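Keeping their order, the protein sequence lines are chains A and B.
Anchor point for the first sequence: position 173 equals 173 in the numbering used here, and the numbering is continuous, going up by one each time.
If you want the numbering used here, it's the position in the second sequence, counting the first as 1, plus 253.
Treat the hints as calculated values from the structure; they're not laboratory data.
As the structure is a computational prediction, the values presented were derived from the model and not from experiment.
Do not rely on the hints blindly, as some may be mistaken.
What the hints assert, rightly or not - Partial selection, computed: residues in chain A whose CB lies under 10 Å from chain B:
| hint | residue |
| --- | --- |
| 1 | Gln-158 |
| 2 | Ile-162 |
| 3 | Arg-164 |
| 4 | Val-165 |
| 5 | Pro-168 |
| 6 | Ser-169 |
| 7 | Leu-171 |
| 8 | Pro-172 |
Just so it is clear, CB atoms sit at the ideal spot from N, CA and C, and this is done for glycine as well.
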Amino acid sequence: MRNSSKLLPLGVFAALTLAWHAAVVSSEQRLLPTPWEVVLGIAELAQRGLLIKYVVASLFRVTWGFAVAALLAIPFGLFLGWYRRGEAAVNPFLQILRPISPLAWIPISILWFGVGDGAAIYLIFLASFLPLAVTAMNAGRNVLDVHLNAGRNFGLSQTQLILRVLYPSVLPQLIVGLRITLGIAWLVVVAAEMIAVNSGLGFLIVDARNAGNRYDLVVAGMLMIGLIGLLLDAGMRSLANLKILRWGRAASS
Amino acid sequence: MGPRRLELTLDHCVSYPASNSTKLCVSGVNKTFRRDGKSVHVLEDIDLTVREGEFVCILGPSGCGKSTLLNIVGGFTTATSGRVEIDGEPVRGPDPRRIFVFQERGVFPWLTVEGNISFGLFKLPKHERERRVSHYVHMVGLKGFEQSYPHELSGGMKQRLEVARALAVNPDMLFLDEPFGALDSITRLLMRGELLRIWQAERKTILFVTHDIDESVQLADRVVVMSARPATIRTIIDIDIPHPRELSSRRYLELRDGLLDEIGLAHKV
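Based on the provided sequences and hints, a complete structural model is requested.
Written as structure tokens, this is what we have:
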């Protein structure tokens with residue numbers, strides 16, 4: 001049972017790769033590199049020392065933009081959800097900013113930070129801040145009155161109420177929000193690197209095309225983006241599990 | 254502030270002087286909510302005295318304001334006018350000496366049974382905390398479920414867990430707001446028996462809000478019957494049957510029928 005559930009996706013993966021190969025080989029025009037050419041492309045990037053360098057560059061920007069956004073947006077959002085009048089005041093403003101694609105901020109971020117890491121990190125920060133703030137705001141508002149009242153009834157101070165009732169109440173929602181937002185940040189870093197910097201996986205894709213139509217390297221870059229995105233998501237998911245385990249332990253101590 | 258002087262002379266807590274056994278005194282309490290620019294008068298001139306160790310049910314139709322009264326006594330809401338005193342002191346807010354039991358959704362889902370029961374015991378040393386947790390786990394029949402989370406428990410077990418969490422801090426009053434309303438009728442009957450057993454063992458003063466006439470006759474020393482909004486106290490009925498109560502005894506049926514009449518319900522379905 002367990003084996004077959006792992007075998008099925010592997011089989012589909014192999015079949016699609018074969019179909020890709022067959023389609024490229026049988027067609028007259030070369031619209032895509034073959035899977036093997038992509039593998040060779042990745043090997044070439046690794047050999048030239050670019051693979052690690054670009055992956056690290058992209059992860060560096062995502063980490064900074066995402067971490068700063070999380071540190072600012074979560075307390076901000078929780079505060080708004082906690083003090084409902086604050087939410088009523090700020091929410092319309094957030095809702096206007098929300099539909100603006102982070103990519104629309106590219107000109108302004110370049111104007112403010114110049115071409116370079118600063119602009120790319122700022123874009124990721126922007127892309128992460130609003131979803132995180134809205135998630136935290138909703139999570140803060142969804143804390144049940146019965147739980148807050150029970151906490152007060154047992155004589156908790158305001159600080160204890162935040163640590164022992166608010167924080168555990170909002171944590172599950174926050175972790176889901178962090179996971180989704182990290183996915184968004186990873187999408188945005190690629191776009192930011194296409195325009196604002198000259199390193200990273202996004203830059204690799206644009207550069208490989210501009211410098212001699214190396215579509216094997218373009219697809220190699222895309223594949224790396226997909227793989228790392230998958231790893232990031234898996235990491236966030238295991239973090240969610242860890243946190244739940246930690247509650248269990250804290251509760252029984 | 255002219256009327257204030259007049260109010261004092263009519264003060265329930267003063268005109269029936271607090272004897273040693275008076276636990277709670279509610280005097281001239283009014284509550285008006287402002288909602289969408291309209292004001293809703295919920296409670297009107299409520300006077301009530303509850304003795305130490307007494308089990309009092311507040312009975313009234315749904316939405317009449319009996320929960321509001323309980324919230325005022327519990328310190329979660331303030332009265333628009335009037336006085337609420339417990340042990341001769343005005344109520345200024347929620348207090349660990351008086352625990353409010355909500356319906357079963359009041360337990361903390363992120364804590365185990367043990368974590369929930371010890372929630373209010375953070376000021377006690379570890380061994381005392383453990384002693385109380387095991388005592389109350391046993392008392393409410395949750396032995397073997399110490400490490401379970403609320404979502405792994407039935408509705409009745411969650412309700413008992415919340416009662417255990419309340420009792421663990423050794424309060425001298427319990428406020429229960431339709432605590433068994435969400436349970437099936439069999440579990441509800443069992444829970445009433447358990448609550449009475451706990452009350453007889455621990456002798457807490459209990460204020461129990463319900464809209465269930467049978468429940469009030471089974472549990473209470475006295476039943477406070479409230480009218481529809483704005484709620485006033487229509488009457489207070491003494492339930493003079495010793496525990497355990499025979500549910501088909503003549504006196505039980507008399508008292509129940511009396512309450513049915515008082516609330517204005519027919520004796521037929």
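Could you tell me which of the numbered hints above are not met by this structure, giving the numbers in increasing order?
Hint check: 1, 2 fail, others pass.
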